[in-house]
Each structure stands twice: as C-alpha cells, then as structure tokens.
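Top line first, the protein sequences correspond to chains C and W. Sequential numbering from 2 applies to the first sequence in the working numbering. Sequential numbering from 19 applies to the second sequence in the working numbering.
To be clear, the hints were calculated from the coordinates, so they are not data collected in a lab. Quick reminder that beta carbons are idealized off the backbone N, C-alpha and C, glycines included. Honestly, I wouldn't trust all of these hints.
[As the list claims (entries may be wrong)] Stretch-level coverage of chain C by chain W, calculated; a stretch enters the list once three of its residues show a Cβ under 8 Å from a Cβ in chain W:
1. 56-67
2. 70-77
[Unchecked claim] Only some residues are given here: those of chain W computed to face chain C with a beta carbon under 7 Å:
3. Phe25
4. Gly29
5. Leu32
6. Lys148
7. Ala151
8. Leu155
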Amino acid sequence: MKPTAVRGEWIAPESTIRKPAGEQATSKASFGKALTDALKDVNQLQFEADQAIRNLEVGKTGSLHEAMIALEKADISFRAMMQVRNKILDAYQEIMRMQV
Amino acid sequence: MDFFTSFRICGSGLEAQRAKMDVVVSNLANVNTTKTPEGGPYKRKVIVLTAEALNESFDSKLRDALKKVHVESVVEEQEGLRQVYDPNHPHANEQGFVAYPNVNVVSEMADMITASRAYEASVTAFDATKNMALKTLDIGK
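Chain C on its own, in the form it takes in the complex (with noise of 0.2 Å):
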C-alpha cells in the first residue's frame, strides 16, 4: 500500500525536531513542510480519483465500483488532511495569541 499523509510523512518532522543537535539538519522539517507532504500525497489520491472517473467516462477498462472507490479514498484522505491542517492551524493561533 502506498504510504498515506497520516502514516508515513507526517510522523517524521516531528521526531527530527525533538532532536536538539542535528538542528542545522533538520530545519527543512516544519510545520509548512508536514503539510507539504501531506498536500502531495492527499493530491496524489485526487489525482488518482480524477483519472479513475475519467476512463470510466471514456469507456476505458475502469469500472464503476473502482472508481467510486477512488473517490472515497480521495475524499476520506482529504478529510483526514483538512484536520491535520486544522490542528496546525489551532497550533499556530494559540502561539499567535501569546501574550508577551
């Protein structure tokens, strides 16, 4: 299976910035580059989505069921990534609130 946003991408930033040394290294790992990947992998199954309706529309091998299929995986793997976005974004406010 191909690793998903939730699985794969998502878990490694937050480990590298836990790691005080390697801190030239790891800098790339932000929350901006999480989302990123979680973006492209969510795009990803868009895409994938996208072309099962389109052969099916075309008459091609794809059938009915596989496509309806690919737009759930689409649609659950957006969902998951809108809450990701939501927690950073939750994040983010709560910092920005801070008073100083």
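Given the coordinates of chain C, work out where chain W should sit on it, guided by the hints.
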C-alpha cells in the same frame, strides 16, 4: 491508511459479484441460443471464485489471514442439454432434434439474487468501513 485495506477487499468482492452477474446475464440472454461459434448450443457458464492473499496489511497476523476474492475462471457446464423435436429448425440434427442450452431460468434468477445481495453486502461493508474512518477523524472534536 489501514482503512484502505478494507476498501481493497470490498473492491475485490464487488468485482467478483459483478463478474458473477455478468455470467448470469449471459446465461439468461442465451437461454434459447442453439448455435455458438464453437459449435453446438450455448452451454451454461459457471464462475469460479478463489481466495487470494492480500499482501498489503502491515500487521503480520492480518497479513496471513486477510484474503480477497479473485475470479479464477469461467467454466462451461456440459451436461443437461435439452433435446427438442423440431425438424424444421435449421439447427436440427438428422433425427430432427434441436439441442437447447442447459440453462435453467429459475436457478439463474436465484443466482442473480444471490449475486446482487452479495454485492449489496459488500457495498454496506464499504460504507460501514468508511463511517468508521470518518468517525476516527472526529476524535478530539
């Protein structure tokens, strides 16, 4: 995401039941076909399904246990051709008998209902899995 494993198994079930439906429809459509390109009347087709290992789960216990459905082949049933006396039929033999397919409409209808109910079951399983996934996303809300 692990939910996608269930989706794939559901997909294989849908595929298999759709294939079964195709075979049943073919049998029903050819219930009176007396000649085929291979010669002789149409013979009833039966679909053969096998379980196939699903090597995608990350859980080692599940990896061996989970199986998806695979359409192995479609075989022809040879016995039970109906012989009908009709000397004027172009496909009649020297004795005036025409061989009609061994398709029983009633049992085909039963097969059709089985296939469509099994298909519905797969769809329901899919929906239930999807709802589980969506419920998971509600954690912490």
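The hints, checked one at a time:
Only residues whose C-beta sits within less than 8 Å of a C-beta in chain W count toward coverage, and the region 56-67 of chain C has 3 of them, enough to reach three; the restraint holds. With 4 residues bearing a CB less than 8 Å from a CB of chain W, the region 70-77 of chain C meets the requirement of three and the coverage assertion stands. Checking Phe25/W against chain C by beta carbon gives a least distance of about 5 Å; that is within 7 Å, so the hint holds. The beta carbon of Gly29/W comes within 5 Å of a beta carbon in chain C, closer than 7 Å, and the hint placing it at the interface holds.
Checking Leu32/W against chain C by beta carbon gives a least distance of about 4 Å; that is within 7 Å, so the hint holds. Below 7 Å, beta-carbon pairs count as interface contacts, and Lys148/W has one with chain C at about 6 Å; its hint therefore holds. Satisfaction of the interface hint for Ala151/W is found here, the shortest Cβ-Cβ separation to chain C being roughly 5 Å, below the 7 Å cut-off. Checking Leu155/W against chain C: minimum C-beta separation of about 5 Å stays under 7 Å; hint holds.
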